[in-house]
Amino acid sequence: EDQVTQSPEALRLQEGESSSLNCSYTVSGLRGLFWYRQDPGKGPEFLFTLYSAGEEKEKERLKATLTKKESFLHITAPKPEDSATYLCAVQAVGGGYQKVTFGIGTKLQVIP
Amino acid sequence: GAVVSQHPSRVICKSGTSVKIECRSLDFQATTMFWYRQFPKQSLMLMATSNEGSKATYEQGVEKDKFLINHASLTLSTLTVTSAHPEDSSFYICSARPTINNQPQHFGDGTRLSIL
Numbered sequence: 001e002d003q004v005t006q007s008p009e010a011l012r013l014q015e016g017e018s019s020s021l022n023c024s025y026t027v028s029g030l031r032g033l034f035w036y037r038q039d040p041g042k043g044p045e046f047l048f049t050l051y052s053a054g055e056e057k058e059k060e061r062l063k064a065t066l067t068k069k070e071s072f073l074h075i076t077a078p079k080p081e082d083s084a085t086y087l088c089a090v091q092a093v094g095g096g097y098q099k100v101t102f103g104i105g106t107k108l109q110v111i112p
Numbered sequence: 001g002a003v004v005s006q007h008p009s010r011v012i013c014k015s016g017t018s019v020k021i022e023c024r025s026l027d028f029q030a031t032t033m034f035w036y037r038q039f040p041k042q043s044l045m046l047m048a049t050s051n052e053g054s055k056a057t058y059e060q061g062v063e064k065d066k067f068l069i070n071h072a073s074l075t076l077s078t079l080t081v082t083s084a085h086p087e088d089s090s091f092y093i094c095s096a097r098p099t100i101n102n103q104p105q106h107f108g109d110g111t112r113l114s115i116l
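First to last, the sequence lines map onto chains A and B. Note that the working numbering has the first sequence beginning at 1, numbered continuously upward. Note that the working numbering has the second sequence beginning at 1, numbered continuously upward.
Please keep in mind that the hints were generated in silico from the structure rather than gathered at the bench. No experiment lies behind these values; they were computed from the predicted model shown. Positions of the beta carbon are idealized from the N, C-alpha and C atoms, including for glycine.
Looking from chain A toward chain B, a few residues come up when the C-beta cut is under 8 Å (computed):
hint: 1; residue: PHE34
hint: 2; residue: LYS42
hint: 3; residue: GLY43
hint: 4; residue: PRO44
hint: 5; residue: PHE46
hint: 6; residue: THR49
hint: 7; residue: LYS99
hint: 8; residue: VAL100
hint: 9; residue: PHE102
hint: 10; residue: GLY103
hint: 11; residue: ILE104
hint: 12; residue: GLY105
Next comes chain B alone, as it looks inside the complex:
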């Protein structure tokens, strides 16, 4: 149960390119999805909370115009890194929490983004 699919798993692209990452909950509905960034030897840093049918909530210091989030349905959220630069290179992970209260988040397998 509780499977979250994240695609693509790896992206290598040139500076200035925009990159879209998809996160799908495969066997449950998720009103709320989360986008994290993880640097080596550091904890998961929450970037934004994605709410189905409404605007995302961004954490302090995260540029909402840089990291565009769309949560169009109860099973799909997308993160678009616009005009990516080398400093955006990182491991991005999404998670989804079932709509039922007190259920844990389930994570995708992450996207390794490398900007040349």
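Chain A with its partners taken away, still in its complex shape:
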């Protein structure tokens, strides 16, 4: 069974204090790893897809990296508007039924 574990569950940063969120995964064969941002009372907003180990993607202050066992979401010089819950999800290879498994998320709070 595919598993996704995110850490920490919650993270409080001062504005400008860079940090990283972790997503460890177990999957029979990785088709893709996804990062989403979710604001309270809203649906997840797509950020990145990573397909293979060594791949990196960037968007503004966010950079996502991938190894064979985990992914990191690096946040550089965060701002209060980066406060949200960040979700990681994996999709396995094979079969016509491509279920995506989500982690519980990391709730990030950036303090001015």
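Dock chain B against chain A, hints included.
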């Protein structure tokens, strides 16, 4: 790009009422749509996969007669919670995946369902 609209955003109704939630992909076609349920401090739990023109695939433990899914077109899926009870109160979120392979799911903004 990739906008998914979910309606309504909030429903408050009496026990025994049936509630229909709509999910539309506005600028792309989606052969497959997904319905999730999310409880506070828990991950998104997949309820069912909605396939255009065929029956939905339900996850283990999800009652298909309780949660009726219809995917009548490439841009619309509906979830009907039949005879809703207080334990059905939750945050329901739909997503749609573009027909092109390896594209990520895009989510609606969710429906907060409160059954009194």
